[in-house]
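Novice: Chain by chain, the residues run as shown.
There are 2 protein chains.
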Amino acid sequence: MSIHITLKEMALPDAAYEPVTVVLDWGTTNFRAFLVKSDGSIVDEKIGDRGIQSVTKGEHARVVSEGLASWRAEYGPLDIVAAGMIGSRNGWIEMPYVPTPAAAGDLAAACRTIELAQGDRLTFLPGLTDLTAFPFPDVMRGEETQLVGFGLNRDMVIVLPGTHAKWAEIKGGRIERFRTFVTGEIYATLASHSFLSKVATAERDHATAAFAEGIALAQQECARAGGLLTRLFAVRTGWLAGTITPDEMKSRLSGLIVGWEFVEARAGGWFKEVDTIAVVGDDDLVEVYERVATAFGLELAPAPADAAIRGALEISGRRSAAAT
Amino acid sequence: MSIHITLKEMALPDAAYEPVTVVLDWGTTNFRAFLVKSDGSIVDEKIGDRGIQSVTKGEHARVVSEGLASWRAEYGPLDIVAAGMIGSRNGWIEMPYVPTPAAAGDLAAACRTIELAQGDRLTFLPGLTDLTAFPFPDVMRGEETQLVGFGLNRDMVIVLPGTHAKWAEIKGGRIERFRTFVTGEIYATLASHSFLSKVATAERDHATAAFAEGIALAQQECARAGGLLTRLFAVRTGWLAGTITPDEMKSRLSGLIVGWEFVEARAGGWFKEVDTIAVVGDDDLVEVYERVATAFGLELAPAPADAAIRGALEISGRRSAAAT
Numbered sequence: 252m253s254i255h256i257t258l259k260e261m262a263l264p265d266a267a268y269e270p271v272t273v274v275l276d277w278g279t280t281n282f283r284a285f286l287v288k289s290d291g292s293i294v295d296e297k298i299g300d301r302g303i304q305s306v307t308k309g310e311h312a313r314v315v316s317e318g319l320a321s322w323r324a325e326y327g328p329l330d331i332v333a334a335g336m337i338g339s340r341n342g343w344i345e346m347p348y349v350p351t352p353a354a355a356g357d358l359a360a361a362c363r364t365i366e367l368a369q370g371d372r373l374t375f376l377p378g379l380t381d382l383t384a385f386p387f388p389d390v391m392r393g394e395e396t397q398l399v400g401f402g403l404n405r406d407m408v409i410v411l412p413g414t415h416a417k418w419a420e421i422k423g424g425r426i427e428r429f430r431t432f433v434t435g436e437i438y439a440t441l442a443s444h445s446f447l448s449k450v451a452t453a454e455r456d457h458a459t460a461a462f463a464e465g466i467a468l469a470q471q472e473c474a475r476a477g478g479l480l481t482r483l484f485a486v487r488t489g490w491l492a493g494t495i496t497p498d499e500m501k502s503r504l505s506g507l508i509v510g511w512e513f514v515e516a517r518a519g520g521w522f523k524e525v526d527t528i529a530v531v532g533d534d535d536l537v538e539v540y541e542r543v544a545t546a547f548g549l550e551l552a553p554a555p556a557d558a559a560i561r562g563a564l565e566i567s568g569r570r571s572a573a574a575t
Numbered sequence: 252m253s254i255h256i257t258l259k260e261m262a263l264p265d266a267a268y269e270p271v272t273v274v275l276d277w278g279t280t281n282f283r284a285f286l287v288k289s290d291g292s293i294v295d296e297k298i299g300d301r302g303i304q305s306v307t308k309g310e311h312a313r314v315v316s317e318g319l320a321s322w323r324a325e326y327g328p329l330d331i332v333a334a335g336m337i338g339s340r341n342g343w344i345e346m347p348y349v350p351t352p353a354a355a356g357d358l359a360a361a362c363r364t365i366e367l368a369q370g371d372r373l374t375f376l377p378g379l380t381d382l383t384a385f386p387f388p389d390v391m392r393g394e395e396t397q398l399v400g401f402g403l404n405r406d407m408v409i410v411l412p413g414t415h416a417k418w419a420e421i422k423g424g425r426i427e428r429f430r431t432f433v434t435g436e437i438y439a440t441l442a443s444h445s446f447l448s449k450v451a452t453a454e455r456d457h458a459t460a461a462f463a464e465g466i467a468l469a470q471q472e473c474a475r476a477g478g479l480l481t482r483l484f485a486v487r488t489g490w491l492a493g494t495i496t497p498d499e500m501k502s503r504l505s506g507l508i509v510g511w512e513f514v515e516a517r518a519g520g521w522f523k524e525v526d527t528i529a530v531v532g533d534d535d536l537v538e539v540y541e542r543v544a545t546a547f548g549l550e551l552a553p554a555p556a557d558a559a560i561r562g563a564l565e566i567s568g569r570r571s572a573a574a575t
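Just so you know, the sequences run in chain order B and G.
To convert, take the position in the first sequence, counting from 1, and add 251; that gives this note's numbering.
To convert, take the position in the second sequence, counting from 1, and add 251; that gives this note's numbering.
Hints listed in this document are in silico derivations from the structure and should not be mistaken for laboratory results.
Only a predicted model underlies this, so the values are computations on that prediction, with no experimental measurement involved.
Treat the hints with care, since some could be wrong.
Note that identical chains are pooled: a pair holds if it fits in a single copy or bridges any two copies.
Here are the simulated DSSO-like cross-link-like pairs (lysine-lysine), alpha carbons at most 30 Å apart as the crow flies [stated by the list, open to error]:
id: 1; residue 1: K449; residue 2: K308
id: 2; residue 1: K422; residue 2: K308
id: 3; residue 1: K449; residue 2: K297
id: 4; residue 1: K308; residue 2: K297
id: 5; residue 1: K449; residue 2: K422
id: 6; residue 1: K422; residue 2: K523
id: 7; residue 1: K422; residue 2: K297
id: 8; residue 1: K449; residue 2: K523
id: 9; residue 1: K297; residue 2: K523
id: 10; residue 1: K288; residue 2: K523
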């Protein structure tokens, strides 16, 4: 303990000149934390396997305390900002959903800050809900922060890939509306637990011809091609026919399912050809979606890979400004 | 061993007057065999867990020999008819697919009979392929036997529910064309491995209001409802909104997915309102599909639950008649 105090005191002069924030991305299966400067640059990063599904109620504060101990020792009590599933019903505290249309300030106004035992301050960001969705209000947690980090100053449709991919419309500085597609979930469950899981070998590769052929099958408009429930079977029949090799199956499946998301989004009025959209995320799904978007005749606006961090700083910064 | 011989000799006089056939339904996860008379009535039945996925190449004959030993002891060498996955690439021998349009005689002509060590004769039935399907030939193994068992003498569309549900058109005494929908696979993987698998409690119940509401969501034609990838998320958002209880989730999911199969089938020209169709199968999925069919304005033709057995006897009977 005395060592910690010593380190902290030694670091204090520097820390005073360089305020830092911890952006906490505490998801279902892992614990990620980023130590960032006010300009968003990352100073340090921690990744652990204590996802919220492995943490029981009452245990969260201790996991944060232990997980961030070295940063606290160096920088003193921490300002922590947390978005996403940690603020859900299965997380630490259940944060409300702010209704669309919502500006960054609306999200800031709904934040909740708690004091932790060692002097840390933890700010939970709210989720977002679209009450106009049919048949039930649609919801997101975390993606709203990425949208703010991308920027709400340009009217545009933004796609956020993931297990539950989101399409959101930015209009007049606000998140106007959004819709969820369970694309990632369908891909993952079929790739791991279906007719192809015992045959398919290589992982998805969006640079392959098989991926492009999957997109093309999604785009095929002749009635004989059927709907999604029929087209999915083509991954199996193509293998039985000897046309698709086991190492092409997941790529083909991915191209087909993500392509189908775009077919449904187009039918739902989310885009038309030659529109410009942005794909926002921080993993290789961004490239997967950008390739599909291009196949659908869309132009792509550049998007930063650290939109989640930028958004967390922006929303919590507005919160602090309003409080002073 | 001597006991077996005694039993067989004692039973021979009866067996001579009452010819029996063994219809083998040897699927991926279990081994089912029916001892039937020539009129299709079931004398005895065996169910075991030696599905073909647990049997290695070269082991099949022994599993049959042991599994049917008591019947052989009683009735002498057996006539066995096997349809379905046992005749697939992952089964005992890979049987060809007969192309549509196909009559019962076309299927009979493609059968293959092998002699087994103890005097049994095992006839494998072929599968069926629709070479006109896009983008690859569609395939079935086993359902073609159920179609023959239902009867090909009436022009009609038949639905065969299952992991890979089939819609088949009967025309002029032949199976004219068919199409696969991966409905059962999507339901099963989402029910067991998705966003709802940790929340949902009760199993699917097609007699509930939740099931009917799932069908209604599939039928909803307003653009705001989105496509299948969006509608599936409503099972989660309905739960988050407090409208759907955990015990309603699987029923709602099932109504939605099977309902969506009908939406896709209607768009693909498989039926229009007030058509008469038949649902053929031997488990509770028949009731599930009949309920959905009624919601879509369809009339239902009665179908026997033992279509698979009738079809196996019919096809193998034609085979025997042609051989003599």
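Novice: Decide, hint by hint, whether the structure agrees.
Specialist: Verification of the hints:
1. K449 / K308: So K449 and K308 pass the 30 Å test across copies only (17 Å; inside, 38 Å).
2. K422 / K308: neither (39 Å within a copy, 62 Å between copies)
3. K449 / K297: Only across copies: K449 and K297 sit 28 Å apart there, 35 Å inside one copy, limit 30 Å.
4. K308 / K297: within (22 Å within a copy, 50 Å between copies)
5. K449 / K422: For K449 and K422, the Cα distance exceeds 30 Å both inside one copy (46 Å) and across copies (36 Å).
6. K422 / K523: For K422 and K523, only the intra-copy Cα distance (17 Å) is at most 30 Å; the inter-copy one is 42 Å.
7. K422 / K297: neither (35 Å within a copy, 65 Å between copies)
8. K449 / K523: Neither way: K449 and K523 sit 38 Å apart in one copy and 37 Å across, limit 30 Å.
9. K297 / K523: This pair counts as neither: shortest intra-copy Cα distance 41 Å, inter-copy 58 Å.
10. K288 / K523: Answer is neither; intra-copy 39 Å and inter-copy 63 Å both fail.
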